[in-house]
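Residue numbers (the UniProt record's numbering), protein chains in the order written: chain A, 1 to 82; chain B, 1 to 189.
By construction, these hints were calculated from the structure, which means they are not laboratory data.
Note that the coordinates shown come from a computational prediction; the quantities given were computed from them, not determined experimentally.
Please note that the accuracy of each hint is not assured.
Unchecked claim - With a straight-line cut-off of 30 angstroms between C-alpha atoms, the simulated DSS-like cross-links for lysine-lysine are:
1) K113(B) to K76(A)
2) K173(B) to K68(B)
3) K68(B) to K51(B)
4) K76(A) to K68(B)
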Amino acid sequence: MATLNITYDGMSADVPVEFDGHVADADIRRIATELVRSGGVPGLHLSQLHHEAFAHFVVDRFRGARGEERIYLRPKVPFGAR
Amino acid sequence: MRIVFCGVGAIGSTAAVLCRNLEATLVFVDFDRVESKNLLAQAYVKPSVGKNKAEALKLQFLNLHGVKTEAHGVRITRDNVEALCGGADLLVDCMDNRDSRLLLSDFARRAGKPLVHGAVSGDGTFGLVRWDEHFVPDAEDTPGQATCEGGAHLPLLGLLAATLARTVQDFMKHGTRRDSIVNLSTVMS
């Protein structure tokens, strides 16, 4: 069991997800879109979410202190243009 | 112990103020000068306008808090990064551009220095605290993509700076390294 965190439009929510092995970043974005549209993410139900809403989002993957997998789907953080 | 804050703008100056209780030498590095607009979102006061940010913050720590610090009013470059950061026990990246963050990251990895980054999204909806081992600067979707320059989004900046300061404090006291994602309703670590 992994925890997927989705940050979108100033909101952020966790949802537990069951994956069989490694899931590609593109699939994380697709799964997140479906979860948000369907109301499967507590506090983040957007039924009209555009199918490319997460197209440029970043997928970060971390292991928690007890080895649990945490996946963050978030917008990019611009670090300036210089 | 020596903590070097690289960049003391909105995030760096606020986080540094929240680290004033630490038994450590706080070092500020920033080439920029305080502008009037900075007073709205950065830990500076009106008499500091026109002064170098690192020097101005050093003065405020001494005059307002009674805490001695060090200041270097220069831009971090490949030529001076070793001199500025080589003695650090912890590096804190609060700079506002990708090139400088990468330069500091390269140095920290070569020198084996712990480095933590703080950054906010340009639209002011969330921010990140990331240890360097988890740090990959995002590419811009479009050149010149907006940053938080100008001091908008003060409540989020405050929350992010507080989270960064807590991360610094936990590292100094317990050696823990926690990454966080922050928005106005949630702090997740």
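To see whether the hints hold, each was checked on the structure:
1. Taking the CA atoms of K113(B) and K76(A), the gap is near 26 angstroms; set against the 30 angstroms cutoff, the hint holds.
2. Taken as a hint, the K173(B) and K68(B) pair is honoured in the structure, with Cα atoms around 20 angstroms apart against an allowance of 30 angstroms.
3. Distance hint between K68(B) and K51(B) is fulfilled; the C-alpha atoms sit about 18 angstroms from each other, no more than 30 angstroms.
4. As the CA atoms of K76(A) and K68(B) are separated by approximately 37 angstroms, the hinted pair breaks the 30 angstroms bound.
Comparing the model with each numbered hint stated earlier shows that hint 4 is the single one that does not hold.
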